[in-house]
Amino acid sequence: MTQAGGSLRVSSKYLAYLVPLGAVGFALLVATIMLLALDASPIEGFRALFRGAFGSTDALIETSLKATPLLFVGVGITIAFRANVINIGGEGQMVAGGLLSTMAALWLPDMSAFIMLPTVLIMGFVGGAIWGFIPGYLKAYFGVNEILSTIMLNVVAVQLMNYLLRQPLIDPAEIERGTRIPQTERLQEGADLPLMFGSDRLHIGPLLAVLAAIAAYILLWRTPLGYRLRAVGQNPDASRYAGIPVKRTITLALTLSGALCGLAGAVLVFGSEGHRMVTDGSTAGFTGSAGFNGIVAALFGGLHPIFTIPASFLFGGLLVGGLSLQRAVQVPSALILALNGLVVIFVVSTDRYRQRLRDQDARRAALQTVESEPAGDRGGGDEP
Amino acid sequence: MSEFFTEAVLIATIASGIRFAVPLLLAGLGEAYGQRSGVLNLGVDGVMLLGAFGGYYTVLKVGNVWIGLLAGLGVGLILGLISAFITVTLKADQGISGIGVFLFGLGMSDLLFQRLVGTPRFIDTFPRIEIPLLGDIPWIGEMLFRQNLVVYLAFLAIPVSMVVINRTTFGMKIRAVGENPEAADSLGVSVAKVRYATMLIGGTLAGVAGAALAIDLGIFQQNITNAQGFIAIALVYFGAWRPLGVMLGALLYGFVNSLVIQWKTLGIITDSWSDFAAMAPAIITILALVVVATRFRAPSALTKPFERGE
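Keeping their order, the protein sequence lines are chains A and B. For the first sequence, my numbering gives the first residue as 56, with consecutive numbering after it. For the second sequence, my numbering gives the first residue as 460, with consecutive numbering after it.
Keep in mind the hints are simulated off the structure, nothing from the lab. Be aware that one or more of the hints could be misleading.
These stretches of chain B come out as covered by chain A in the derived footprint (C-beta under 8 Å, 3 or more residues) [stated by the list, open to error]:
(1) 551-565
(2) 570-583
(3) 682-689
(4) 745-752
As the structure is a prediction and not an experimental result, all values here were calculated from the model. Every residue gets a Cβ at the ideal spot worked out from N, C-alpha and C, and that includes glycine.
Build the full structure now, drawing on both the sequences and the hints.
This is the structure we're talking about:
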């Protein structure tokens, strides 16, 4: 079967910083042209965007909240990509995590936050893990292309969500009133994400996401498991000869990747203002397309968990600021989504050239140095 | 349930199932060309969305559905060219760059719709064409031969694609480039040119598929394709890279969709069960992916950019 993707590797140190800058420059240029074409003032638009994203405490809070699912997903995507597995199923995995944790909060008796909060987060993790395990297992043991299976599982997840929220999980009050809005009742308070810094909006979600990023960094570069994941990603054949269980590692990579996306889903539910799960019939209605935008953040962060933190913050800011831009110059905030697409294209289009330059660097270095390094463990944790 | 088993309802269900299959069929056929030549284009949904908007907006302004369809074709052609540039010339990772194209199409089509149209307005849809004689055949005539022109053209594209891929020099080049680009290159076939050609075909068909979808519905809305472009990609695997297989997959989705709608209208199933039923083709597709992965072989060079003699 096909080897999907494959060329995403860490870039050489110096170029790694140029690419994000180039991508931003490119996106700004295109945005300027588009704003001019739509008869809107770019300067006014960008000013509104920046203010809306980073210009006040409230803006920073909104940006952090918007960045949270992007960071969880971005870190999950990074783990998969490091093992050379492409996870396009972030959307479905978020939904699965959101659903399972919602069911836990709905059906378990009311408990203190001490027990309930970890429980629902674990259920979110497990829900996403299941949705990641399926394509991981199918890829490892049957050779099913994970791009396609994760896409199809997104389709399954959205139908499952619509069914569950319209039928078994629906708020009984919605049936009584006859409004039948597909949403749960307010979930038990023990599962609410606690608020931080005396804010009435900022919950611990962003903190959890940053912790997840740090944990993923440690996992990938400081544990034998992480070494195996990266080794399989760089060279599955050599890994197999070295005695690494390649199939199990691939399955695990997608499972972990899905689990992090599932956590994003749980955080969306229990950090939402209504403290309930709602569907508008589409995945994006629940995820805000974070399953896709998280890929953008991960690529922008150079597929490195730590650098994905500022990258998520930046893209979260763009999404929040996009709304201000819409108000200021009447250009729909969908502009941001379009620009995200361009950033992805820019980053992967330049990847090949960075790769070539890096190979040259490596060849030169290999000529200069006699001693050899362990094969898979190069280009390690300090580079973005 | 008995209301369903009446002649009129059954015929209507099958007829609309065939119509629903058209966007998937067109986009899937286009994607098949690309994949046979070794390019996995994941941007189909984005191209369909922009094609859908292009088609819708043109019909809204000009009032002619065929010019609308041509607009979708044009949009697809341009995006096919851009996709080819990204994956063939820049040799970007095919999976991820396609997601970029998808996000661009999703955002851009929504942006243009909100900015240029705002409130959705209905447009003309394709007129039905009754084929003389064939259209008079009982049952079959109503199901197959009283459709609109796009339906006929889409199904005509299947045998055409079979001939092009299997029986022409161009098709041989496509297959050679998809299976063994090095060998094709050494025989003087330009890998890049062939892949540009298949990407242009794929983009064009995706654009037409999007326009056909919007004009058939008579409306545009945000994310109107609802992942149909992604399903079309999966259908190429589902159909083991063969046009007829793609058709079977597209018809499966079309029939299930029209069944679900018909049952909902007749009150045979509730809304919630319709979600359950709509899950079926996706699960069947995943199972089919497993079967195909174990029984059939994908084009050897699929997803691999071609690098000359290194």
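Comparing the hints with the structure gives:
Counting residues of the segment 551-565 of chain B whose CB lies closer than 8 Å to any CB of chain A gives 14, so the stated coverage by that chain holds, three being the minimum. Given as covered by chain A, the segment 570-583 of chain B passes the check, having 3 residues with a CB less than 8 Å from a CB of that chain where 3 are the minimum. With a cut-off of 8 Å between beta carbons, the segment 682-689 of chain B has 4 residues touching chain A; three or more are needed, and the interface restraint holds. Restraint check on the segment 745-752 of chain B versus chain A: 4 residues with Cβ-Cβ distances below 8 Å, three needed, restraint holds.
The earlier numbered hints are all upheld by this structure, with none contradicted.
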